[in-house]
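Engineer: For reference, the chains in residue letters:
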Amino acid sequence: GAGVSQSPSNKVTEKGKDVELRCDPISGHTALYWYRQSLGQGLEFLIYFQGNSAPDKSGLPSDRFSAERTGGSVSTLTIQRTQQEDSAVYLCASSESRVLLGGYTFGSGTRLTVV
Amino acid sequence: DQQVKQNSPSLSVQEGRISILNCDYTNSMFDYFLWYKKYPAEGPTFLISISSIKDKNEDGRFTVFLNKSAKHLSLHIVPSQPGDSAVYFCAASGAGNTGKLIFGQGTTLQVKP
Chain A
453 GAGVSQSPSN
463 KVTEKGKDVE
473 LRCDPISGHT
483 ALYWYRQSLG
493 QGLEFLIYFQ
503 GNSAPDKSGL
513 PSDRFSAERT
523 GGSVSTLTIQ
533 RTQQEDSAVY
543 LCASSESRVL
553 LGGYTFGSGT
563 RLTVV
Chain B
8 DQQVKQNSPS
18 LSVQEGRISI
28 LNCDYTNSMF
38 DYFLWYKKYP
48 AEGPTFLISI
58 SSIKDKNEDG
68 RFTVFLNKSA
78 KHLSLHIVPS
88 QPGDSAVYFC
98 AASGAGNTGK
108 LIFGQGTTLQ
118 VKP
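For the protein sequence lines, the chains are A and B, in the order given.
Last residue of the first sequence? That's 567 in my numbering, and every number before it is there in order.
Last residue of the second sequence? That's 120 in my numbering, and every number before it is there in order.
Derived from the structure by calculation, the hints contain no laboratory data.
Heads up, the beta-carbon is just placed ideally off N, CA and C, and yes, glycines get one too.
There is no bait here: all hints are sound.
The calculated EDC-like cross-link candidates involving lysine to aspartate or glutamate, where the alpha carbons are at most 20 Å apart (straight line), are: (1) K463/A <-> E537/A; (2) K463/A <-> D476/A; (3) K107/B <-> D31/B; (4) K107/B <-> D508/A; (5) K44/B <-> E496/A; (6) K44/B <-> D91/B; (7) K107/B <-> E520/A; (8) K469/A <-> E537/A; (9) K107/B <-> E548/A; (10) K107/B <-> E496/A; (11) K107/B <-> D476/A; (12) K12/B <-> E496/A; (13) K107/B <-> D38/B; (14) K463/A <-> E49/B; (15) K61/B <-> D31/B; (16) K119/B <-> E22/B; (17) K75/B <-> D62/B.
Here are a few chain A residues that sit away from chain B, every Cβ distance over 10 Å (derived from the structure): (18) T465; (19) G468; (20) D470; (21) R474; (22) F517; (23) E520; (24) S525; (25) S539; (26) A540; (27) T565.
To be clear about the criterion: a stretch of chain B counts as covered by chain A if any three or more of its residues have a C-beta under 8 Å from a C-beta of chain A, and this derived list gives those stretches: (28) 41-50; (29) 111-118.
Chain A with its partners taken away, still in its complex shape (with noise of 0.2 Å):
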């Protein structure tokens, strides 16, 4: 595509609930990443693929959330039994390789909320 979509643009969810977060990057693009900002906050990193390398899953909050990229395309952020401190907005981004000469392109994100 054009761009880099993301589904639901919205999502309300009752706390303890599942929740999956869908991210198709640009084609081509070999490099994926899942950011989230919280309220007044900025952009805070959750998990990065890079190809067919391991993902850096460095900044994934809690063990709750979980993330795939499957065939090198699709991505699906999953958060399990949500709490309301997970309410954000869930940005994806993609980028042609690991070295940023042009930045990556964000989504407009998935806005949650956990009530």
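Based on the hints, put chain B in the right spot on chain A.
Structural biologist: Chain B only, in chain A's frame:
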């Protein structure tokens, strides 16, 4: 520990004047710096970048300055336009310019007509 800091949460300038957004970092191993702009309900968009081997990079109305000794960078917008009103994030990449970026908290710029 906040490795990238934007100490001014907001900035207001008059149209046509210069906007200066500041960013400080603590990790001397950062070697690549970027600025992103974000409008409400949209993802951040890449604006301009600078490598640590340079001290200035210019692209049209946007110039980024890097002062490595002070671990400080700034984004200058001249002249400022109402359409520049957005949240601006600075970001830094670690040694080897790998993909992971560390972002600041953002500065909301308002350009008044």
